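Sequence lines, in order, name chains A and B.
Residue 154 in my numbering is what sits at position 171 of the first sequence, and the numbering runs on without skipping anything.
Residue 183 in my numbering is what sits at position 175 of the second sequence, and the numbering runs on without skipping anything.
Note that these hints are calculated values from the structure, not bench results.
Fair warning: this is a prediction, and the values are worked out from it, not measured in the lab.
One should not assume that every hint holds.
[What the hints assert, rightly or not] Straight-line alpha carbon distances no greater than 20 Å define the calculated SDA-like cross-link-like pairs of lysine to any residue that follow:
{"hint": "1", "chain 1": "A", "residue 1": "K362", "chain 2": "B", "residue 2": "D142"}
{"hint": "2", "chain 1": "A", "residue 1": "K357", "chain 2": "A", "residue 2": "D29"}
{"hint": "3", "chain 1": "A", "residue 1": "K310", "chain 2": "B", "residue 2": "P172"}
{"hint": "4", "chain 1": "A", "residue 1": "K357", "chain 2": "B", "residue 2": "L71"}
[To be verified] To give an idea of the chain A side of the interface with chain B (calculated C-beta under 10 Å), a few residues:
{"hint": "5", "residue": "A286"}
{"hint": "6", "residue": "V288"}
{"hint": "7", "residue": "V342"}
Where is the CB? At the ideal position from N, CA and C, for every residue including glycine.
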Amino acid sequence: MRALVWHGANDIRCDTVPDPEIEHPRDAIVKVTTCAICGSDLHLHDNFMPGMEKGDIVGHEFMGEVMEVGSEAKSALKVGERVVVPFTIWCGECDQCKRGNYSVCERSNRNKALADKVFGHTTAGLFGYTHLTGGYAGGQAEYVRVPMADRTHIKIPSGLTDEQVLFLGDIFPTGWQAAAQCDIQPTDTVAIWGCGPVGQMTIRSAVLLGAKQVVAIDRVPERLAMAKAGGAITINFEEESVVERLNELTGGKGPEKCIDAVGMEAHATATLDSMYDRAKQALMLESDRAHVLREMIYVCRPAGVLSIPGVYGGLIDKMPFGMAMNKGLTWRMGQTHVNRWTDDLLNRIQEGQIDPSFVITHTVPLDQGPEMYKTFRDKRDGCIKVVLKP
Amino acid sequence: MAYYNRSSAGDNLARGLGWFSIGLGVAELMAGRSIARWMGMEDRTNLIRAYGVREITTGVGLLALGDPKPWIWGRIAGDAVDMATLAEGMRDNRRAGNAGIAFGAVLAATALDIVCAQKLHQEEAHYRSLPVPDYSGRSGFPRAVSAMRGAASDAPIAEDMRTPKILQFQPATGQAGAS
Ligand SMILES: NC(=O)c1ccc[n+]([C@@H]2O[C@H](COP(=O)([O-])OP(=O)(O)OC[C@H]3O[C@@H](n4cnc5c(N)ncnc54)[C@H](O)[C@@H]3O)[C@@H](O)[C@H]2O)c1
Ligand SMILES: [Zn+2]
Ligand SMILES: [Zn+2]
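This is chain A alone, in the form it adopts within the complex (with noise of 0.2 Å):
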């Protein structure tokens, strides 16, 4: 089959590579119909997360149709049935499973043992992601083998394209929860740095959950308008001071919640942390920028809630945590317990309180791929998110 492979920095490629069978009796093949690339995806592809090995599937975030189901696995899934696959892959079973907490599922990570040594305790098991997270073929591909497919599924009922539902999978439930874990208020101001697509669902959720007021922050021209579309009042911080227009909106006091929707490749116009950042990431004695942070705990008010649903790979420098410990800060933090919120999300897809696909901007075939990681990278062409057709 054709697939989407790693090959090191700034190599992707469409190769051709053996198709995938059942390893396990939960495991079931999935048909790829529609896949896309996240922003995720970008900081394996420059070469920013420990864990990749030359010839890695990529992709997490897929959907398509049952070809094979594993004998442990028929119960809940059948041949022909239509899923979106979520990228956390999680057992059902555990006692973080018990709480819903199926992105640090205890078992589904089958290099456990590698990820107990270096974050300390296992998390779960995530498709086409490092092999600290179990290095398991992602869906950039024709075929994706399923592990405890009895339980990693969406069903997707008829009358819903594949471009409404597939960002279920991933961003539209990140989004939700990066909204969702701020616990918003209606008298709340929320703050989300990032108009990317994870910036774009959290804006609307945001807004669905009832925030009374909610601004975003991007420089890129095209995602603040598409910001300012969703309901968000936007901030370029190439043009304005963050945290001055932050405080004038808030009558000095600052946001209450504040969402980190960039992650560990943030820019920022020269600013002295930045500089740092950048030399000692070339340097590679530090692996992420975390410029959105350190402005996040120095405007958030006092005993606000910190979201971060931005990805970070390893370490961070000159984080002024004095400045968040006084403030009595509160941080939720985490990759996305995708299950979780999805009957709730598909449900308003079909009710058409929303439809997630406003944020596709470029649709080409699979093999298309390599170049258009370069393309939504570098946000040229007005990209916002690609979707792939295997």
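With chain A fixed as given, assemble chain B with the ligands onto it according to the hints.
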């Protein structure tokens, strides 16, 4: 926004110059004395070492993932400083010939830097001339945003995602934790 495309022709050249900067910088730093002697400018050994540090910094800047333009201009400014130092060093120098060779090499590098800067600015100009797509209609909502605000405030969100009552801002009753 500051535009740069980390896979364009201009950018590849910038990256090449970044490696060149680092190579030259390391040489100046480690072999500052021999270089100075070869050019008959022993009294400038420390200056050459300092230039080495400057080259390394610029090189790292060019290779890091940001906009290469300011760093390329940094190189061009550095080239000018190098040439001024060499021109001054060539006077009354028994090895003026060698210093001249170095001067020529810097001149050639400057030319390349200028080509690179031009390319990068052209790429930016081209990018800016492209039409900005209009996404102002893409709300994702079926109705006006004002009608959608709070439409999901009944969403099932488990207690573990909620802020403990005592930490909530509203309603403020003046009593600790009361709400
Ligand atoms: N927690 C999860 O489960 C989960 C799931 C999906 C994605 N993610 C992460 O979410 C993040 C965003 O993903 P995406 O798909 O939207 O990616 P993206 O790269 O398209 O979006 C990032 C956006 O942040 C903007 N940005 C950069 N620096 C900024 C700054 N200083 N201030 C404000 N904005 C800034 C960029 O211009 C860009 O528009 C990534 O880190 C991704 O890995 C997390
Ligand atoms: Zn993702
Ligand atoms: Zn589990």
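Comparing the hints with the structure gives:
With a C-alpha separation of about 15 Å, the suggested pair K362/A and D142/B falls inside the 20 Å cut-off, and the hint holds. A C-alpha spacing of about 10 Å is found between K357/A and D29/A, which places the hinted pair at or below 20 Å, so the restraint holds. The hinted pair formed by K310/A and P172/B meets the criterion: a straight-line CA distance of about 16 Å does not exceed 20 Å. Proximity of K357/A to L71/B is assessed by CA-CA distance (about 17 Å); at most 20 Å being required, the pair is judged to hold.
For A286/A, the shortest C-beta to C-beta distance to chain B is roughly 6 Å, which falls under 10 Å, so the interface hint holds. A cut of 10 Å between beta carbons decides the hint on V288/A: the least distance to chain B is about 6 Å, and the hint holds. Taking 10 Å as the C-beta cut-off, the interface hint given for V342/A holds, the closest approach to chain B being about 7 Å.
In summary, the structure agrees with every hint in the numbered list given earlier.
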